Amino acid sequence: MIDTQSIMNVLRTIDDPEMPISIVDLGLVDDVRIEPAVDTARVSIDILPTFVGCPALEMIADNITEKVGSLDGISAVDVRFVYDPPWSVDRITDDGRASLKEHGVTVPESGGKLPVPGHSGGAVELRASAVKCPFCGSDTTTLESSFGPTRCRMIYYCQSCRNTFERLKRV
Amino acid sequence: MITLPDNLKRPFADLLLAVADDKLMLGHRNSDWTGLAPILEEDIAFSSLAQDEMAHAQALYQLIAGLIGTSADALAFGRKSEAFRCAAIVEAPDEFDWATAICRQFFCDHFDRLRLRRLARSSDKPVADLANRLAAEEQIHVEHVDSWMQRLGRGTDESRQRMQKALDRLAAIAPSLFEPIEHEHELVAADVYPRAETDMFETWRNELEQIANDSSLKLDLHPPSPQTIGGRRGKHTEHLPPLLDEMCEVYRLEPNAAW
Chain Y
0 MIDTQSIMNV LRTIDDPEMP ISIVDLGLVD DVRIEPAVDT ARVSIDILPT FVGCPALEMI
60 ADNITEKVGS LDGISAVDVR FVYDPPWSVD RITDDGRASL KEHGVTVPES GGKLPVPGHS
120 GGAVELRASA VKCPFCGSDT TTLESSFGPT RCRMIYYCQS CRNTFERLKR V
Chain L
0 MITLPDNLKR PFADLLLAVA DDKLMLGHRN SDWTGLAPIL EEDIAFSSLA QDEMAHAQAL
60 YQLIAGLIGT SADALAFGRK SEAFRCAAIV EAPDEFDWAT AICRQFFCDH FDRLRLRRLA
120 RSSDKPVADL ANRLAAEEQI HVEHVDSWMQ RLGRGTDESR QRMQKALDRL AAIAPSLFEP
180 IEHEHELVAA DVYPRAETDM FETWRNELEQ IANDSSLKLD LHPPSPQTIG GRRGKHTEHL
240 PPLLDEMCEV YRLEPNAAW
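Just so you know, the protein sequences line up as chains Y and L, in that order. Each residue of the first sequence is one higher than the one before, counting from 0 in numbering that gives the first Met the number 0. Each residue of the second sequence is one higher than the one before, counting from 0 in numbering that gives the first Met the number 0.
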């Protein structure tokens, strides 16, 4: 009989199409339910979208259906997108954070109050931040763009090692 | 599953259409700036804003489609202008004036965030969950536009003057966002659209006037005038039909095509 653990193991092999980490480390998987039948089981998987209507969602759903569906003893896979609880960067695992950092993408600290890029009350601070560079660890970084290559990312520049890097938006 | 009484389905659909239609038109106007924004970062920003607003609209259209039995595509591209519920300010063209684009965003993003936070308390759970998520994304838009208000308002004499001119022009039609939809009070009474915790117009006006003030700009907002409303009931400005003609051109060639 199929169990949740073996399904989670499969989900760990599925990467987010836009980021070099698995959908489990990214915190997208909210619930896995198995409804046993005579000798096969139906599986329902709840996925939390990072951003609403993220273009990667369909690809993620297809990958899940294909890979989980190929396990023995599964008759159907139902992938649902749910917004309760809302996905947040706090759901990214430590392994996920480490892997993103290696690829030059930083993540706002877990549970931390949003350091609003380019906005600090009454001041004009479009380029102020205290974001650590993922490559050299320097604090002397500046926000280049509060929007980036995908809807969930911003672009920063490190004055010390002169690399650009990305940061996930805090939602 | 939606357990809405039948008599509230149409008003609720209208309310959600007002949210989605505002977003679709604003997203379309945002996308005009792709390749043309004054700096590269804003080219990326306005293209992302367009993507965000259209994605938000699509998610809402899907819920509405389930409510009244149609499809998201048919709602977005298959309606005549009088079936849209958007407000006058999102219909207004910006004539590729950056100050106008920023000021329009300023009025609309702040309003959108307030309205979504209110919808996030709806007794209709699927709508509440989605609105909660959308409000978090809208927060990023608000921060972005506020920083531009300050940057341009406190920039040079020229930037401040151009911002003030755009702000004055749009302040006259921005309150059009607050026109209620038909039967809105019934949705409020049923807690589907819960009563605002504080008067929404006053909250919006205070938020905006304070930021304008911090940005060395003057802003004086008044409740919507009869000349600027009508959009929430299908009476639109002369700017909407040409916008729809452009936006729906491809869809109309073959409405049943699969994408």
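Read the hints as simulated data drawn from the structure, not as lab findings. Quick caveat: nothing in here was measured; it's all calculated off a predicted structure. All C-beta atoms in this analysis are idealised placements derived from N, C-alpha and C, irrespective of residue type, glycine included. One or more of the hints may lead you astray.
If you want the footprint, here are the derived chain Y segments under chain L, 3+ residues with CB under 8 Å [to be verified]: (1) 8-16; (2) 49-60; (3) 139-146.
Derived contacts from chain L toward chain Y, CB cut-off under 7 Å, selection only [what the hints assert, rightly or not]: (4) S30; (5) T33; (6) E40; (7) I43; (8) A54; (9) Q57; (10) Q61; (11) R132; (12) A135; (13) I139.
**Report entry** Hint numbers contradicted by this structure
**Finding:** The structure conflicts with hints 1, 4, 5 and 10, although it agrees with all the remaining ones.
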